[in-house]
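Chains W and H, in that order, give the protein sequences. Residue numbers for the first sequence follow the numbering used here, so the first one is 1 and each next one is one higher. Residue numbers for the second sequence follow the numbering used here, so the first one is 1 and each next one is one higher.
Worth double-checking, as some hints may not be accurate.
Said to hold, decoys possible - Residues on chain W that point at chain H, a partial pick, calculated with CB under 10 Å: (1) Gly17; (2) Cys45; (3) Pro103; (4) Arg105; (5) Cys109; (6) Ala155; (7) Asp159; (8) His167; (9) Cys169; (10) Lys194; (11) Gln199.
In short, the hints are calculated from the structure, not lab data. Each residue gets a CB set at the ideal place from its N, CA and C atoms; glycine is no exception.
Listed below, chain by chain, are the residues.
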Amino acid sequence: MFPELNSLLGGGTVQQGKVTLVAARRTDGNFLLHHFLSSYLRAGCNVCFLGLVQSFSHYNIIAQKLGVNLVLARGEGRLVFLEGLRSCTDLLFGKKEDGDTNPLRFLRCRDGSDLRPLYDFVCASLAPPSGGSWRCPVLIVDDVGVLLSLGATAAQVLDFMQYCRAHVCCKHKGNVLCLIRGDSEDEENELVMKSLWHQSNLVLQAEGLPTGFCKDVHGQLTITWRAAAAGERDRAELYQYKIQDKSVSFFARGLSAAVL
Amino acid sequence: MLQELRTTGSPGITIISDSVLLPGRDLLLSFILASLQRGEQLHVIAFDVSREDFFAGFPGEFASRVTFHDGFSDPLGWESDPSAFTRDDFTVTSIMKRVGRPELPVTIVLDSLSWILARIPLTSVCHTLLGLTAAPHEGCGKLRMLALLHGDLHSPALLGSLSTVVDTFLDVRGSGEHLHVCVRHRRKTGKVISSGEELRILDTFALDIMMHRDSATRKENEVDPTKDLTFNLRLSDTERERKESAALPYVFSSNKKSSLLSSSSSSSAKIYYDPDPADDVDDEDPDDDLDV
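Assemble the whole structure, with the sequences as input and the hints as a guide.
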């Protein structure tokens, strides 16, 4: 968890029924994802993490740097982690019977099958416990664009995200956070990104510097708070950042400590 | 024109096209409230937003007069919710079944049309829209339709096709503090009027038009290219008469021919030949000097 980012976002990470979009263009926006993952777990939320890009150990190593133990959280039932890389290989090279329960089994169908099994997995992961204390459910997806690469269409991905919003945000008043990497040459990816932007309450857009690589400024972050109710207007703020070993420092444009 | 369309209610289909950076939801709400103030019955079919999100910030006194059809929670029937409005329900029959036979005029709001266009072919969508609005329905007369469209999610070709089908197309472009809306409205007679209006939406969701520029005004402002010419492009009647009566010098008219003939007959012509004294003319060999 990065305290500076927390203060820029106005304090609490957990807000009821909100959708956050992390869009990364020409840079790596993973530090934002790790920030939110550790924040949600520290706040005691039940997290379902669809990790389609990296292995569990990758996320765990970084989370440990930020003071959160994912193995422990998973053991306590506060974190359900879908390791997309392993699920894919199990599905494609494992036994056929095992694949019938795999959340990514749409990969086997070539008839444009929808992402309903994945949605069912999310619902089952975030189902309220029968006797235990109920905490805010959170769904994190890293990254939505990978579903397109796996063969799903833009409409199927958006349907999946809409059902997740309806289930997690509206029904259980939880949070949905998804990361998507921008690629202006991929039309479907752009379509999904813009559609999700329309549906989000908070958009964090991380970009590489337009002037090129810099040792002391790693990129710029645009935070957009979208209008929450009729009559309000969107509000956006722009910061530059530098990623350090265990923290990230944010500053106004052109005000890097290395420059001043 | 936007104010007039809002107050009197645009007939047929009205589309508000917005983008990620320039949301048009407030303009949609402004039109919705104007419709409710006219005493119309309102049916909202929402795919993009949940019931809570749609009514957030909505004036309380009007909320009870809106019939909300939930197309957000279960649009594909995964949850088997019988009250949900699904993708397959987007037909004239199904919508008219939900609208029923009301006594008041009805406006149907689609939030948003982009969701439908991403899942149903354009031709089917246009058929349904025109089927709902073109002809009066038994028991409830003609319907009005108001739809929000996220223009940045569609190709220019699709937007162009759609704008020719609908009666009013409002494109939210905006700049700075105020919204800039391009209005394209087709009248009953078929005449298309376009205008650009700069406005802001007040807290009461009324429109405050800051600047209005329609196509007629633009014509007035345009510079006349024939204004400073050194020659005249048009002729007055007297000038035209004079022009037509003038005989051109190189045209061989019958008058000219007769005048020439008469002058040749009256005077006799004569050729005078004055030989050069140096000439040595040999009558027997006229070609002597050619040195052949």
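Against chain H, with CB atoms and a cut of 10 Å, does the hint on Cys45/W hold up?
Violated, because the Cβ-Cβ distance from Cys45/W to chain H comes to roughly 21 Å (cut-off 10 Å).
_Hint status (Cβ of Ala155/W to nearest Cβ of chain H, threshold 10 Å)_ = Result: holds, 5 Å to nearest chain H Cβ.
| message | Hint validation: Pro103/W versus chain H, beta carbon distance must be below 10 Å. Holds or violated? | response | violated (15 Å)
Satisfaction of the Cys169/W interface hint, Cβ to chain H closer than 10 Å: holds (8 Å)
_Quick check on the hint: Asp159/W CB to chain H CB, less than 10 Å?_
For Asp159/W, the interface hint holds, since the closest Cβ of chain H sits about 6 Å away, which is under 10 Å.
Quick one, is the Gln199/W hint okay against chain H at 10 Å, beta carbons?
holds (7 Å)
Check: Would the hint on Lys194/W stand, with a C-beta cut-off of 10 Å toward chain H?
Finding: It holds, given that the least Cβ distance between Lys194/W and chain H is near 6 Å, below 10 Å.
| field | Restraint satisfaction for Cys109/W [CB to CB of chain H, less than 10 Å] | value | violated (16 Å)
Open item on the list: For the restraint on Arg105/W, tell me whether the closest CB of chain H is nearer than 10 Å.
Closed with: Where the cut-off is 10 Å and the nearest Cβ of chain H is about 16 Å from Arg105/W, the hint is violated.
Return the status of the interface hint for His167/W: holds when the least beta-carbon distance to chain H is below 10 Å, violated otherwise. Given a least distance of 9 Å, the restraint on His167/W holds.
The hint names Gly17/W as touching chain H; please verify it with the least Cβ-Cβ distance against 10 Å.
Gly17/W check passes; min Cβ-Cβ to chain H is 8 Å, inside 10 Å.
Violated hints, listed in ascending order, are 2, 3, 4 and 5; each of the other numbered hints is respected by the structure.
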